[in-house]
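Asks: For chain A, the structure is supplied; the task is to place chain B on it using the hints.
Protein chains: 2
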Amino acid sequence: MYTVGVDIGGTTTKLGLVEEGGRVLSSSAFNTADQADAQAFAATLAFQVRRLVAGAEIAQAAVKGIGIGAPNGNFHKGTIEYPPNLSFKGITPLVAMMKAYFPSWEIRLTNDANAAALGEKVYGKAKDVDDFIVITLGTGLGSGIYVEGRLVYGHDGFAGELGHVIVEPGGRACGCGRQGCLETYASATGLVRTYQELVEKQTGISGDLSQEPEEHTARGIAEAAERGDSLALETFLLTATRLGLALANAVAVTSPRVIYLFGGLTAAGELLMAPLQEAFDAHLLNVYQGKVRLEISGLPGSEAAILGAAALLD
Amino acid sequence: MYTVGVDIGGTTTKLGLVEEGGRVLSSSAFNTADQADAQAFAATLAFQVRRLVAGAEIAQAAVKGIGIGAPNGNFHKGTIEYPPNLSFKGITPLVAMMKAYFPSWEIRLTNDANAAALGEKVYGKAKDVDDFIVITLGTGLGSGIYVEGRLVYGHDGFAGELGHVIVEPGGRACGCGRQGCLETYASATGLVRTYQELVEKQTGISGDLSQEPEEHTARGIAEAAERGDSLALETFLLTATRLGLALANAVAVTSPRVIYLFGGLTAAGELLMAPLQEAFDAHLLNVYQGKVRLEISGLPGSEAAILGAAALLD
Chain A
100 MYTVGVDIGG TTTKLGLVEE GGRVLSSSAF NTADQADAQA FAATLAFQVR RLVAGAEIAQ
160 AAVKGIGIGA PNGNFHKGTI EYPPNLSFKG ITPLVAMMKA YFPSWEIRLT NDANAAALGE
220 KVYGKAKDVD DFIVITLGTG LGSGIYVEGR LVYGHDGFAG ELGHVIVEPG GRACGCGRQG
280 CLETYASATG LVRTYQELVE KQTGISGDLS QEPEEHTARG IAEAAERGDS LALETFLLTA
340 TRLGLALANA VAVTSPRVIY LFGGLTAAGE LLMAPLQEAF DAHLLNVYQG KVRLEISGLP
400 GSEAAILGAA ALLD
Chain B
100 MYTVGVDIGG TTTKLGLVEE GGRVLSSSAF NTADQADAQA FAATLAFQVR RLVAGAEIAQ
160 AAVKGIGIGA PNGNFHKGTI EYPPNLSFKG ITPLVAMMKA YFPSWEIRLT NDANAAALGE
220 KVYGKAKDVD DFIVITLGTG LGSGIYVEGR LVYGHDGFAG ELGHVIVEPG GRACGCGRQG
280 CLETYASATG LVRTYQELVE KQTGISGDLS QEPEEHTARG IAEAAERGDS LALETFLLTA
340 TRLGLALANA VAVTSPRVIY LFGGLTAAGE LLMAPLQEAF DAHLLNVYQG KVRLEISGLP
400 GSEAAILGAA ALLD
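Chains as they are written, first to last, in my numbering: chain A, 100 to 413; chain B, 100 to 413.
Next up, chain A with everything else stripped away, as it sits in the complex (with noise of 0.2 Å):
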């Protein structure tokens, strides 16, 4: 049997078709943002499942189902609501929307980072770990928490949104309508943030940066870093020093062991760790001090969120 898994990111979709055992048999991809509304979303996502299926030539009666992982994904209620950096806004019922294209299917949907922390508990680093968070530095800044071995989705299926914990009362404006929130400033848009204002800062003109996709020019800014670029490096400071802060304080609410990230930025290596080893360090409760460990995920990217939203089905 083989299971569609889907990532769904701010910029683009991804999926693939999971045999039973973690492999992924092939996989495509499509441009979120290009998407209409959640309909046109809707029926891209079925027109590319079915693509996928017929492509790997196998029946469609061989497939179990589809996993979703989705930003603001509501795993009770198979819905995404309020993603800020989704085109489709409000409360989208996306599992039976994709129910009417296959009806016969099992299908379940969660938020992204959950899907991240479930395909690390199953395939990744954290098989013999319980207590553990997983955070995905993407578009936006997610989370997956496992206490004592479960996934943690809350009274309402929507725990684990860390990029949404304030850390600067009236900062930077968020996609959810608030401001000052994580993901403002530890995320590949943050990063492009903090570099732009450095820039303006020094210039006192704006930079072009912002005619580039975001997730470029995160990696731009990372390569100015190696170049040695003394704002770039500032900005990797700065981000990490924010990011530090706040994992140390998620410490101190369900005590994980292990603390792994994953994402585009992480791609940046000891450009990221080092300083954010620091400023974890430097933050820590002494309680906690030598017993927490900040690991990149054993995931390869972009397969991970896929085996990950699989892993719902299993």
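Warning: the hint list may mix true and false statements.
Copies of one chain are not kept apart here, so a pair can be met inside one copy or by any two copies together.
[Claimed, not checked] Derived lysine-lysine pairs resembling BS3-like cross-links, with alpha carbons at most 30 Å apart: (1) 226 with 176; (2) 163 with 224; (3) 198 with 390; (4) 390 with 176; (5) 188 with 390; (6) 188 with 198; (7) 176 with 188; (8) 176 with 163; (9) 226 with 390; (10) 176 with 198; (11) 163 with 226; (12) 163 with 198; (13) 224 with 390.
The hints are simulated quantities; they were obtained by calculation from the structure and are not laboratory data.
Replies: Just chain B now, with coordinates in the frame of chain A:
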């Protein structure tokens, strides 16, 4: 059978003899700060326990044991570790020390706020609530977190230290050795510090409040606010605003249905709760809006912590 429930606070240690079913037969208290060190504290506690049992005219064999709630108490290890507000510092293996006095009794220990959460679940308003947080507002700020019907201990037994979430980097010095922890603002002590700052700002001279015991002084500020004292009212507004934001942030981690407030400061009633609710609503992420209640604990003050600690042996 009976259980001795013990609530160790920064100012006072309370103990009670609890009947099966949850009635507190008799209780007593002693001054925590008067004890020179951990050995003296354990000796005094053992003496008080013996006197309590003797006074009730029951046989020592009719007592199951002792349940202890303590700041920075570690359920897994039976230790109190680096308590910011107690006179004995470092690591105190209190369960082992009490075992030396009562070898045949079962002795368990947990965080004082976890004990309050256990009490709320077993005897209070949370009987039918699976996801909730109890916030204790005393000398410090503690928290006990339930996720899907289970108290969260985390991998090391120290989950739920919301009082030590850093809300103001570089802010007020905290007993834990760091700066800007939530409890330096939102607690009886924090309330007094805020009031003193406001008084100093207005008059240019230090108030004499530091001469008073902290708990008494927090009550004094509440009384002043009731009389319409503008600085006292502003103190409650500032305190409640800090706490409201921090609680809204905590919702984004475990997504509780209710947050129960417990302890001395809640005696201030609407003086605290009205601005708290306002700040909480203003900072809550849209996906949680209208789903999370703030309530004052359903348990009677001093007995609640004793009952919660006793519930450790159930």
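Asks: Would you mind marking each hint as holding or not holding in the structure?
Replies: Hint check:
1. For the homomeric pair residue 226 and residue 176, the shortest alpha-carbon distances inside one copy (27 Å) and between copies (25 Å) are both at most 30 Å.
2. Taking the shortest alpha-carbon separations for residue 163 and residue 224, only the intra-copy value of 26 Å comes in at or below 30 Å, while the best inter-copy value is 43 Å.
3. In the homo-oligomer, the alpha carbons of residue 198 and residue 390 lie at most 30 Å apart only across protomers (28 Å), although the nearest pairing inside one protomer, at 45 Å, exceeds that limit.
4. In this assembly of identical chains, the alpha carbons of residue 390 and residue 176 lie at most 30 Å apart only when taken from different copies (15 Å versus 36 Å within one copy).
5. Taking the shortest Cα distances, residue 188 and residue 390 sit within 30 Å of each other only across copies (20 Å), while inside one copy they are farther apart (40 Å).
6. When the C-alpha separation of residue 188 and residue 198 is checked against a cutoff of 30 Å, the pair qualifies only within one copy, where the shortest distance is 20 Å, while the shortest distance between copies is 59 Å.
7. For the homomeric pair residue 176 and residue 188, the shortest alpha-carbon distance inside one copy (16 Å) is at most 30 Å, but the shortest distance between copies (48 Å) is not.
8. When the C-alpha separation of residue 176 and residue 163 is checked against a cutoff of 30 Å, the pair qualifies only within one copy, where the shortest distance is 20 Å, while the shortest distance between copies is 45 Å.
9. In this homomeric assembly, residue 226 and residue 390 come within 30 Å of each other (Cα to Cα) only inside a single copy, at 18 Å, whereas the closest approach across copies is 33 Å.
10. Only within a single protomer do residue 176 and residue 198 lie at most 30 Å apart by alpha-carbon distance; the minimum there is 13 Å, versus 50 Å between protomers.
11. With identical chains, the CA atoms of residue 163 and residue 226 are at most 30 Å apart within one copy only, with a shortest distance of 24 Å there and 39 Å across copies.
12. For a Cα distance limit of 30 Å, the shortest separation of residue 163 from residue 198 inside one copy, 13 Å, qualifies, whereas the shortest one across copies, 56 Å, does not.
13. Taking the shortest alpha-carbon separations for residue 224 and residue 390, only the intra-copy value of 17 Å comes in at or below 30 Å, while the best inter-copy value is 35 Å.
Hint violations for this structure: none, all hints satisfied.
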